[in-house]
Amino acid sequence: METVTASETRDLRASLRRAERRRTLRGLGLALPLILFTLVFFVLPIAGMLVKAVQNGPMPDILPETSALLQQWRTGEERTVPDEAVFAAFAGELRAAAQNRTLPELATRLNFENAGYRSLLMATARRLPEAPDGTWRDTLAGLNPQWGEVAIWAALGRASPRLTDGYLLAALDHRRDDNDHIQATDPSRAVYVASLTRTLEISAVVTLICLVLAYPLAYRLATLPESTANLMMILVLLPFWTSLLVRTASWLVILQREGPLNQALQWLGLIDQPLQLVFNRPGVIIAMTHVLLPFMVLPIYSVMKGIPPNYMRAATSLGAPFFTAFRRVYFPLSLPGVTAGCLLVFILAIGYYITPLLIGGANDQMVSALIAFLTLQTLNWGLAAALGTVLLVITIILYFIYTRVVGTDGVKLG
Amino acid sequence: MKSTFGRLILAAGVTAGFSLLAGAASARDLTVVGWGGAAQAAQSKAMFEPFVKDTGTKLVQDSWNGGIGVLRTKAQGESTWDVVQVEADELVLGCEEGIYAQLDWGKLGNKDQYLPGMANECGVGTFVWSTALAYDKSKLGENGPKSWADFFDTQKFPGKRSLRRGPRQALEFALLADGVAPGDIYKQLATKEGVDRAFKKLDTIKKDIVWWEAGSQPVQLLQSGEVVMTSVYNGRIFAANNADKTNFAIAWPAGFIYQVDSWVILANSPNKDQAEEFLKFIQTPARQQEVANALAYGPTLKDSTGQIAPDVLPYLPTAPGVIEHGLAFDTPFWVDNIEALNERFNAWAAQ
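Each protein sequence line maps, in turn, to chains A and B.
Residue numbers for the first sequence, in this note's numbering: 5 to 418.
Residue numbers for the second sequence, in this note's numbering: 1435 to 1785.
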């Protein structure tokens, strides 16, 4: 037996640690591109979205004094028009903003609060006199009587703080009224909750149909001889190689009133009148199911491929009828694939918008269509980000419920 | 391996640095940005190429898909674009924001030569396009729809009809059909009663409307017989009748909504003189007519319809006897109200 001195042990430990560190560093180095990629293209944008959802906009920078004064405006009771100090500060800052061209940015922001605010602000700035004619209050109200109303100042007040809950409230069909109380949005304009529910509903139905279609198919694929399975696999993968837009357009052609499907059904005498299959919910669900089906087939197939056929044989040889063997042995083993497939399809479906946009009716739009509209057309990025945030939170909650019920590895159900 | 990677990074960095230097050192050629596709091809042939040939100025073409956000980015920092074709809402917003250069009409020529509203402080109108009522003449013959009231009459014209999804060019047509005079449409829409009235009218044919999204859809819908009539961009009907030998007709007297696309010069352009020279060169009746003959989008200059080919005239929103039925799209109104009315539209659609 060799004796090892304390210093040798230390050396050994140190060199071991060095080796370990080198390995960790090398591993980190290899993963670095991916980590950087994830950080830049995934973590940062999502963080940016979360921040945008509560960031109020440019008002505190463009009209600093007005926004400071309006934040002290009394709340909790019936508000009246603010006093002359606010009017005077506002008039001065409005002129400055018009001169250094920051006004349009503010006008766009305020237009999200009250439609028409943009024009009101731009027109007022154009006609604003150097000095008040009497009080600033009378001067502004003389330019446009709206400046004498609480509503217009309340909107300015809502835009005053640096942070706001306004966008998140709007995404949930609520708003702060002129007295700063939270209220439900008028039903004639409440669209976001309905659209979120619709998105989840369509996604759930599509996921379910995909599962029903994909499970037997994957089972067949996994049990067929290699050559036949490969051929069928190509058929499953074929849609992957075609552009989404092309596939959507083909469904439009197939499903339309005088399209091949309706003609075939009429020729077979199954229907007298052409069915309305497109520009409505069934059309959206058919087309989305087709597009997303491979994402369900592949994970289930790859899991089933790994289940040794002996297990089923063993169960049957021990006297279990086929369905019992399937239910007790095969199905629980295939569950991880089902879990992964459902998750993948559902999450992809939530973000869909081109297919519903082209194939759906007016009432089949997913929330992403609204987000795209707000981002590209009205530049209301705050509300767009808030909708994205709400969608993200709902998805995370659903994910946790889902993993609780199904289990992360999918076998707990069995 | 690590050092190879490092060298690669270094090489990439040096290359990027050089190209930046090169870009900064050479004076940039005049860069003209259109909307690509058939429109820019026609403009290139009728306007850009003759300009290069006659003046010897170098010209670079680029294309874009619109969006005021893009122009805001371009206006900051070093300029890469000079002359850009913009839609009406981008014209209004960008002009207010000072993204565009103020035009010197003394250099550009006579402002009076333009049709009303097509020349202003920031933009030169280049062509007029419109959303109009169209139907398939081979199916309806001479008994096609004559008015927007016909569009809403499912007794007289059974079948589906199609409108662009969203409030724009749906509420206006609903009010026209309800008997509001064209001049009062936007006054009505500015009031809650007017908006209610428009949605009430849309209610009457709600289940018969197919909503289109992309400009190519209404033509396809007419072609397949999915709808009996539709709102559509006039240029699309012209293109379909030419390419697919369809027999679609536009019911101009029913009323239509027209919009103007304009050229603007970006405020930070270093080639402002060249850009003005360019605009003066291309904006002539003859060149506008050549573009119109290819696209059926109307010229903005008065007296520009004389040389338009007879087979293009029926599709032209600015043709004599046609433009009188047109309603100018009220851009400031829609910039102010689009978000609120879009919410209202979606809420209505969900009912």
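Watch out, some of these pointers could steer you wrong.
Unchecked claim - DEER-style ranges, computed between Cβ atoms: (1) A/A376 x B/Q1785: 15 to 25 Å; (2) A/F46 x B/Q1785: 20 to 30 Å; (3) A/N183 x B/A1461: 54 to 64 Å; (4) B/G1755 x A/F46: 37 to 47 Å; (5) B/T1680 x A/L274: 56 to 66 Å; (6) B/V1504 x A/I39: 53 to 63 Å.
As the list claims (entries may be wrong) - If you only want the chain B side, here are some residues facing chain A, beta carbon under 8 Å, derived: (7) V1504; (8) T1507; (9) E1773.
What the hints contain is simulated information worked out from the structure, not anything from laboratory work.
Cβ coordinates follow ideal geometry from the N, Cα and C atoms, glycine included.
Right, here's what the structure says about each hint:
no.: 1; hint: A/A376 x B/Q1785: 15 to 25 Å; in the structure: 23 Å, holds
no.: 2; hint: A/F46 x B/Q1785: 20 to 30 Å; in the structure: 38 Å, violated
no.: 3; hint: A/N183 x B/A1461: 54 to 64 Å; in the structure: 59 Å, holds
no.: 4; hint: B/G1755 x A/F46: 37 to 47 Å; in the structure: 58 Å, violated
no.: 5; hint: B/T1680 x A/L274: 56 to 66 Å; in the structure: 31 Å, violated
no.: 6; hint: B/V1504 x A/I39: 53 to 63 Å; in the structure: 31 Å, violated
no.: 7; hint: V1504; in the structure: 10 Å, violated
no.: 8; hint: T1507; in the structure: 12 Å, violated
no.: 9; hint: E1773; in the structure: 5 Å, holds
When each numbered hint is compared with the structure, violations occur for hints 2, 4, 5, 6, 7 and 8.
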